[in-house]
Every structure is written in C-alpha cells, then in structure tokens.
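These protein sequence lines are chains A and B, in that order. The first sequence maps to residues 1 to 267 in the working numbering. The second sequence maps to residues 1 to 365 in the working numbering.
In case anyone wonders, no lab produced these hints; they're calculated from the structure. Computed from a prediction, not measured in an experiment: that's the story for all the values here. Glycine is no exception: its CB is placed at the ideal position from the N, C-alpha and C atoms. Please note that a few of the clues may not be correct.
[Said to hold, decoys possible] Below, simulated EDC-like cross-link-like pairs (lysine to aspartate or glutamate); rule was C-alpha separation at most 20 Å, straight line:
1. B:K187 to B:D203
2. B:K111 to A:E50
3. B:K218 to B:E246
4. B:K304 to B:D362
5. B:K350 to B:E300
6. B:K111 to B:E125
7. A:K92 to B:E300
8. B:K27 to B:E63
9. B:K84 to A:E161
[To be verified] Residues of chain A clear of chain B, computed beta-carbon distances all greater than 10 Å:
10. F18
11. L21
12. T38
13. L46
14. W63
15. A159
16. C167
17. G168
18. N170
19. I188
20. I244
21. Y255
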Amino acid sequence: MNPRAIILNAYVYAVLIFILLPILVILPMAFSETTYLTFPPEGMTLRWFEDFFGNSRWMAATWFSVKIAALTAITTAVIGTMATYALVRGAKAMGTLFQAFLIGPIVVPHIALAVALYLFFQNTGLSGTVFGYVAAHSIIAMPFTVFTVAAALSSVDPALEDAAMSCGANRFNAFRLVTLPIILPNVISGALFAFIISFDEPVIAFFLAGIRDKTLPRMMFDDIEQNLTPIIPAIAVMLTLLSIVVLLAAGLLKYVANRNAARVEQS
Amino acid sequence: MSQAVSSNVKGASIEIKHLGKTFGNVKAVNDVSLTINAGEFVALLGPSGSGKSTVLMSIAGFERPSEGQILIGGQDCTRLPPNKRNIGMVFQHYTLFPHLSVGDNVAFPLKMRGVAKAERRRQAEAALEVVRLGGYGDRTPNQLSGGQQQRVALARAIVYNPQVLLMDEPLSALDKNLREEMQIEIKRLHAELGFTVVFVTHDQGEALTMADRIAILKAGRLQQVSQARELYERPSNLFAASFIGEMNMLPVRWDGVNAVFSDQDQIRLPDTASIQPVRPGSAILAIRPERLSIAAPGTEGSWKATVRDVVYAGAGSLLITHLADGSEVRLRVASAGQAPIRPGQEIGIKVPPEAALLYPADASQ
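Chain B extracted, bound-state conformation (with noise of 0.2 Å):
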C-alpha cells in the first residue's frame, strides 16, 4: 500500500481542520482534522451517522462547516460554493441528468467552463473512451445499466481534469461483481490520471483494497487513519478494532506485565501489545480469529477451550469456542489436513502473544 504520489502529481492537496459541524443540537461532525496529500487516495470509512457524508459534503462545499477550515490547495475554500472549487465528484446514485444525451452530461462540465462546441464534443468523447464507453455519447442515460451510467457519471467528473475527485460511495448500488470491476477501473483511473481521491463508503473491504489510506470515523469523531495494513493489524482503539474485520475481545485484568483471565489463566504480553499505554486494571485483550490456531488439549502455554461449532466454509473453517470462564473465542484455521473437530470437544488454543492487542476496558476511549 505505498503512496501512490508520481513524479507528475496532477492533484491537489486538502487540509481540513479542525472541521465541526452541527445540526440543530446533533454535532454530525466532531474536531477533525485531516491532511489528505496531493495525488492520494483516501477512504472515509464509517458506519452510518459517523460524519463521513457529512466531512464529503463539506470539502464539495454542498454542507458549510459550523467549524473550522478546509483548504484544497491551499486555498481556503471553507465558504467557497461547490461550482467554484473545482472538484469532480461522483453521488450514490449516478444523478445523470435524464433530459440530456450520455455525451453532453459528460460535456456539462466544460459548457460550465465556456468550453466551445466542438471541443466539447471531442474532450466528452475522450472522456468516454477512458471509461471504456466510447461511441456511447448519442445515447440517452436511460439506455444504459446501472454500472455503465456510473461510468458515465465517472467521465463526467473527470472530463475538466479536476485536482480533486470526490465519491460518496459511488458504487454502493452496484451489484458485487460490477462493484469489483468499478473498483478496479477507479485505481486505474487514479493511477493514470493522478488527482487525489476522498471516497466515502461503509464497505471496509472496499477502503482496504482501494485507498492509500483510510480515515475511521465514529460519531462524528476521527478514530484512526492509517494505512490499510496498519489498521487491520494494529487498530488504535477497540471501536477500530471491532469494525474492520473479525476481532475476538477477551475481558481481562491487566497488572502491567500479564492480562489475567478470570479463571487464573494468564498470558505474559509484549510491550508492543498496547498501542497507547494502558493503565493497570480491566482490560480487553483482542485477537484476530486467523492468529490462534489448534493445539492437543494441555499443551503447555494453551488455552483450555470447548468446541461449540465448527462452521465449514471452503478454504477455511471458523471454530466458535468457549474458554473455561465462558467467553467466546473464534478462530480461523485452513480447512486443509485438519483432523475433524466436532462440537463438544476440548481442544487448546495457541495464542502468538505478538498477535495480542491490549485495550482500556472503558469502551469509550
């Protein structure tokens, strides 16, 4: 996942800082600050109500911020109305504009800019080749299916080779395999064309494989952003933790040296295992349900756990356990040379204590 900034960056860079903003008594947007470089490609990743929209909406200058400044480029855009910013973007739900051909909604952005007839027409159609729908511009959007009018609406955004290319989650309306050609065709485009990204979504398949980086927000509140890799390994906080991937979260009590089960049980961890310090008391341990794999029961430095479901599922299987004091831990292991498990056996449970990450118990940190 390196930085996809070449040599020719042809995007611009945007700061937000510091950005607020409140609807009635609801803050949809809560102190974030953000610096998003020239030429990257940045995911908004968050449940709805996180504020991702909300922070789109506010770099397109469609919301005003309560707070704070957003710059593009440097320049201060914070009041500055969406046509004046320069900006591609692409909506949710293609908004192509139905009284009008398929190549002069991908022209309206240069009639916007004064751009005459003819090199209208011949920019349009450049624009639909590079989504792969030259020769479409005589027809009318209605014509055509869901992903080829996304398309459209991606040619549209990009045909004035804006800086900036904004997406509130463009391809949510897609079926999964159209969804997974878009993507690709997106980093293409990303990659050819060089402008910067900020794409919202609530697909973290999708962040992860997309975007250089990845912005977390809960609430209205910037939890993490980091690169994908990073943020599935080393998540700083347990609502990141829990909202990418599979996590097990072990209740645990923490004397600074080993997290204590209730039973007695201990593990001895590392001190990379915290990525913020944590102060001695109820801790949760989290670990990925892929890091644990199976031991014979009572091998030494295992866990003691009880099978309760073994789910099949091609490639790999998932292993619901329960430990001795009656919390659920998920493994998964490669179906592959596994001996059959079945529900009611003892079995033990290693656990790499590097693969262990330590969190304050008091979720709302």
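Next up, chain A with everything else stripped away, as it sits in the complex (with noise of 0.2 Å):
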C-alpha cells in the first residue's frame, strides 16, 4: 500500500471513530452503579435496564411510542406506495409538482414543521392524540418511503400490468397480484425506516406531547432535565439495538429487492 492510501485509510478510520466515539462512551455507562453518569462506568449492574422495565411511567411511553411508530410504518407504507404509484406511472407534469410536496418535508426543518404542527394542532385538537402524532410522523417518513418503493418500482416493467389486464385482472388486482408482490421487499423496507423515524422522533413529540401520553424520546427529555440517571444511557442500548436489527433487516430486504430486479430484467 502506498503512503498516500495509508493516509487515506487513516483520515477514514478517524472520520468514523469520530462519528462513533459518543456512542461507544454512552453504552457502558448503562451498567454503572452509580446513580449519576460517569465514565467510566464503576462496577457493573443490570440495575437500571430493571427500573425501565419495573417502571409503569416507562413502559407506558415505550407502549405509546411503539404504537405510533407501527401506524406510522403501516400509514407511509400504504399511502407512500400508493402516492409513489401515481408518481413514477401517472403524468409527468402532475408529477414532479406532487414530488416536490411529498419529499419536500425532507428540507423543512423539523422545528418549522414542530411549530407550525403544534399550532394547527392545537387549534383542532389534535394535539396530543394518536392521530395526531402519526399523522405528524408519517409526514416527516414519507420521503424515506417514497424513496425506497420509486427505486424498486421504476424497474418493474409498467407491460406486466398490461399483461395481467389482458390476462383478465382488472387494475387494482394487477396491481396486487403482479407489481406489489415484486415491489414488497421495498415497501417493507420504507416501514421500517419510517418505524425507527417515528420510534426515536424527538422535536415533534416536545411540540405535541400531551399530559398524559408521552413518547418515549419526550420522556428521556424529561429524565434528563430532572433526574439523569444512568437509566438514559440504557435505554439509548436499547434503541441503539433495535436501529442496527432494523438496518440489518432492511439491508436483507435490499439483497431480496436486488434479486427481484435481476429477475425481472431478465425475464
């Protein structure tokens, strides 16, 4: 290897420690056994992995957070399919103005939708509720979605339809019997990033948060301003987890997706 790609190799194995250190701080301190965080951590206890779970206020967040993010996955996976149909099929004019206001959340900034949300929230009652927060979510997933499925369906063969037409399929089932069967490891894949989106979404759950119903990021908020116990740092294994489960799942959807493609371009 010459010198200059062993500083290269360097300068990107820095760049990535950099990115990663924080992480590889936080996670031992779940198993402190001081009340405070330190690091490093001193001794060794699953103590506070048993709060989380012992504690109903916790577990309610948790609940409420799960619950958004599933109907936040299952709202952008049939609305984000079914928008991105008509994008990558349906007339080009139509389309690029109706791509603008699908990805568009992508460069709004959270805290400008979170303002603006919270206000017309408040103003219908919405804030605070299920619906709300989903509708919320689903708002700020939807171009991680949209992004997915128009990959997978822009390389489906629009013929194939035509074909299960003639074949005596009316639309909507040559749709669900042909293109979605082909384009379902994406779609999959789009819910699951729009599940991680909502399940650790911080800034729209402090505009919307109600008194009763918190996600769980807001209650980390909350832990962290009054108490900040190393309980924060358990939950972030925790999450932390479930991001590379999830990741590793898409990354195994994308190699099925992949296969599909090669198919189709071959038959």
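Work from the hints to combine the two standalone chains into their complex.
Encoded structure:
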C-alpha cells in the first residue's frame, strides 16, 4: 500500500471513530452502579434496565411510541406506495409538483414543521392524540418510503400490469398480484425506516406531547432535565440495538429486492 | 394463401370502424376501418410511427379510441376495459410475471376466471404441452431462454381458449433462427386452435409468410389490405409498392397509352398496369427487379442501360444499372448460366409490359 492510501485510510478511520465515539462512550455508562452518569462506569449492574422495565411510566411511554411508530409505518407504507405509484406511473407534469410536496419535508427543518403543526393541532384538538402523532410522523417519514419504493417501482416493466389485465385481472388486481409482490421488499424496508424515524423522533414529540401520553424520546428529555440517571444510557443501548436490527432487516430486504429486480430484467 | 377459416371456427370476428386516435395534436390513427373475419390471421404492417401498435392496443383495450368503434364477435367493445374483452395477448418483451413459476404464469388467466386450483394446474400443463414446454411448470421464468419465455407467454395467452389472440411484435426480440421456428409454431397453433389473430410487425417477410391478409399502415392511415400475393404483385399505391420488397421507380410521362421516358424511349402499357386510373402527365413506372431480364444491347423493345455494379449473392445476382436518362434500374437475375457482366458494360433490359405498374407521381396519393 502506498503512503497516500495509508493516509487516506487513516483519515477515513479517524472520521468513523469520531462519529462512533459518543455512542461507544454512552453505552458502557448503562451498566454503572452509580446513580449519576460517569465515565468510565463504576461496577457492573443491570439495575437500570430493571428500573426501566419495572417503571410503569417508562413502559407506558414505550408502548405509546411503539403504537405511534407502528401506525406511522403502516400509514407511510400504504399512502407512500400509492403516491409513489402515481409519481412513477402517472402523468409527468403533475408528478413533478406532487413529488415536491411528498419529499419536501426532508428539507423543511423539523422545528419549523413542529411549530406549524403545534399551532394547527392546538386549534383542531389533535395535539397529543394518536392521530396527530401519526399524521405528523408520517409527513417526515414519507420521503424515505417514497425513495425506497420508487427505486423498486421504476425497475418494474409497466407492461407486466398490461399483461395481467389482458389475462383478465382488473387494474387493482393487476397491481396487487403482479407489481406489489415484486416491490414488497422495498415497501417493507421503507416501512421499517418509517418505524425507526417515528420511534426516536424528539422534536415534534416535544411540541405535540399531551399531559398524559408521552413518547419515549419525550420521556427521556423529561428524565434528563430532572434526574439524569444511567437509565438514559440503558435506553440508548436498547435503541441502538433496535436500529441495528432494523438496518440488518432492511439490508436483507434490499438483497431480496435486488434479486427480484435481476429477475425482472432477465425476464 | 387461403384463409384459414375451417368448418369449426373458434375465433371471433373483429370490426374496426373509422378508428381514430389523437395524442395531443398528432393523429396516430386516422380513420382506419378494417373487418377481420373469424379465424383469420391478419398482420398489421408498417414502419414505426405508422399507428399499427395503436390499432392493436385499441383492440386490446389499452388505448381508448378518440373516434370510431371496435366490435369483437359483434359486441361493441370500444369502451370495455382490457380485462373484460376475453382476448389473449402476447407482448414484445414476454412480460412473464417474474415472481411466479412458469406454471402459475400460465394459470394466471384461469385464476382470474375463478377456475379451481387442481383444474388450473391441469389446463396450464396442457397449454405448456401445446407450446412444447411440458414439464417446465415448476421453473421460474428467469431459468428459461428468450424463445422459451415467449412460448410461455404464448401458452398464457391461449390457456383459456380466447377467441382472439393479439400479438405486438412478439418475435422482434428473438434471433433469426428462433424467430422462424416461432413463426411456424404460431401458424401451427392458429391452424389447430382456430382463433382470430391480429399480429403487429415491422418485418414484411414475417407478415408475408404468416398472415392470411396484410394491412399496411403509414402515418396512421390504412394503405392497403390484401393477401400476400396481391400485396406484392399489385401494391395499391406508391408507398405499399416501395415498402414491400424491392421496387424500381422510374419517372415517366404518361400519355394514356405509353409511358415515355425523358429520352423519348417509351413503353406501351396494358390497361392492367394502373391499379387506379392515372391521369396523363408525370407518373411513376414501378417494376420489380426480378421481373427484368438481360438482353443483347440494341434488342428490339429493350431499354439501353449501362451496368454500374454487379453484386453476386449465390443463387441470384443483383445488377445495378442506369438508363440513358440517369435513372437507376436494378435487376435480380439467376447467377447460373449468366455470361460474365462487368461494370461499365452496355446491356439491354427486357421489360415484360405486364410486369410494369403505373402510379401517379404525386406521392401523397
């Protein structure tokens, strides 16, 4: 390896370590026996995990977040797939405008969106409701679903649906029985991303939270303000594991999707 | 080229009445009327952009006509969606469903018609046997060659015994040998099963060998609908004449009896030379290269020509010559028994008057 390559490698690894270091530092703190955050951790205990699972307020927040995230995943998968279908297969002129609306939230600062939704939801009574959260999270998760589904859909020959219709399928069945099974891995992968985006979304949750129902990230903020015990790194450990599992699942689905795409191209 | 209407006709007739399709301000199809008999094999032939695919897609129901009417088996289908027309269709790029096995692909139309699973399997296997792919049901489409995939697509199109089979350039993605094999295969199926076939192609050879009748389209308009022999020997206009096979086109002046060349050479034409009446004035004399023969220079009634090039092609040779007025005349003559001819040589060209056709010079007619 020549010196330039060594320097480049060293540089890349340095960047990676710089990015990963905060996570690597926070994770061991979850096992500290102290009631405050410290590094390096002192002793070794699973107490903070027990505290988390034994505390009804943390559990309620977790289940609330799971519910919101699951509904967001389903909503974006259904609406996102339909919208992407219109985008990829529909009229081009309308499509460009439509696309701007769909993926626009990716460039709008979440804080701006949160404030806007806060004012709007206050007046419509949606603040703190499940519907309000799901609607808000679906807006910010939608671009990711649209991107993953569009990638799959644009590689599927539209003539396949024509063929299905010539076989006697109506338009909906042509989609359901032919196009959907082919793009399904990407739809699920998009839904998984939507789940994660919703599950650890703090900004909108901060503005929309009611007195009773709080999402997990919102609870974590409360706890950081009041106590800051190692229960926070304990949750961080679990969230990190969840993200890794979802990423692996998405990776697996991508592999399946690529195999499907290869089939489509060959046939 | 007899029409394959057997006593047990299973096909449906197709009537296209004044079909028009406009995209933006482009008339892709312009007042096309065509009646296809039950059990007939009709090819729609034309260059790209001629509207042949739009006509087919209108019959299939994928295009909604701007004007006109389409009747299948006497029933008005103009506004009927494709899935309600009971047609079989084969597309250019096979369009097999990649996530389904070959058997499930072929069984798909049966599933859409609510046939029970065991019966679906049986009929799908039977259809695969018809296209000589028995036992391939458990494979996936990507395990098959292009020719095999197109045969699966054919099996899928005929599995529920449709009365009409539509084909959109089904063989254009295959190589030459496979294409000829499939042409025979499709002809055989047509003869055995008796459905009506509408076949879109831009390959004139394919159209001439396969179809009972050929409909030629140009710029959205129907030019001629005829059997192969008539189309080749008596094309109804200049476009059809130049589109099918090779044709010598010579500018002449027509005086009502004789076609006069610019150098005052002339040829007396029989009445049959003009398919439609040609008014005296400038006209085009059209003649197939294989109808001309070589004579000694100066032979009575022959044209005087100078050889420009000789292309030997095995059984036949192509002679490219020019007349005194400079217009090019091509001859296709048998290679065997021919005295060697060299470029620059003077020859006579013998023209059988009955082989000559006369068209008005205005190409738009």
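Outcome of the hint check:
Simply put, B:K187 and B:D203 have alpha-carbon atoms about 16 Å apart, close enough for the 20 Å limit, and the pair holds. Of the supplied pair hints, the one linking B:K111 and A:E50 is violated, its CA atoms being roughly 54 Å apart against a limit of 20 Å. Between B:K218 and B:E246 the CA atoms are separated by roughly 18 Å; this keeps the pair inside 20 Å, and the hint holds. A C-alpha spacing of about 27 Å is found between B:K304 and B:D362, which places the hinted pair above 20 Å, so the restraint is violated.
Proposed proximity of B:K350 and B:E300 is supported: the alpha carbons are some 9 Å apart, at most 20 Å. Note on B:K111 and B:E125: the hinted pairing holds, with a Cα-Cα distance of about 14 Å set against a maximum of 20 Å. The hinted pair formed by A:K92 and B:E300 fails the criterion: a straight-line CA distance of about 68 Å is larger than 20 Å. Taking the CA atoms of B:K27 and B:E63, the gap is near 13 Å; set against the 20 Å cutoff, the hint holds.
The suggested pairing of B:K84 with A:E161 holds, with an alpha-carbon distance near 15 Å, which does not exceed 20 Å. Its beta-carbon lying about 44 Å from the closest one in chain B, A:F18 satisfies the requirement of being farther than 10 Å from that chain. Against chain B, the non-interface label of A:L21 holds: every CB pair exceeds 10 Å, the least being about 44 Å. Residue placement check: A:T38 keeps its beta carbon more than 10 Å from all beta carbons of chain B (closest about 54 Å).
With a least beta-carbon separation of about 46 Å from chain B, A:L46 lies farther than 10 Å from that chain, consistent with its non-interface assignment. Against chain B, the non-interface label of A:W63 holds: every CB pair exceeds 10 Å, the least being about 36 Å. Annotated as non-interface, A:A159 brings its C-beta within 10 Å of a C-beta of chain B; the closest such distance is 5 Å. For A:C167, the shortest C-beta to C-beta distance to chain B comes to about 4 Å, within the 10 Å cut-off, and the non-interface label is violated.
Consistency note on A:G168: stated as away from chain B, yet its beta-carbon is not over 10 Å from all of that chain's, at 4 Å minimum. Not every C-beta of chain B lies more than 10 Å from that of A:N170, the closest at about 5 Å, which undercuts listing it as non-interface. The beta carbon of A:I188 is kept farther than 10 Å from every beta carbon of chain B, the shortest such distance being approximately 15 Å. A:I244, annotated as away from the interface, keeps every beta carbon of chain B farther than 10 Å; the closest lies near 29 Å.
Even its closest Cβ contact with chain B, about 15 Å, leaves A:Y255 beyond 10 Å, as expected for a residue assigned away from the interface.
When each numbered hint is compared with the structure, violations occur for hints 2, 4, 7, 15, 16, 17 and 18.
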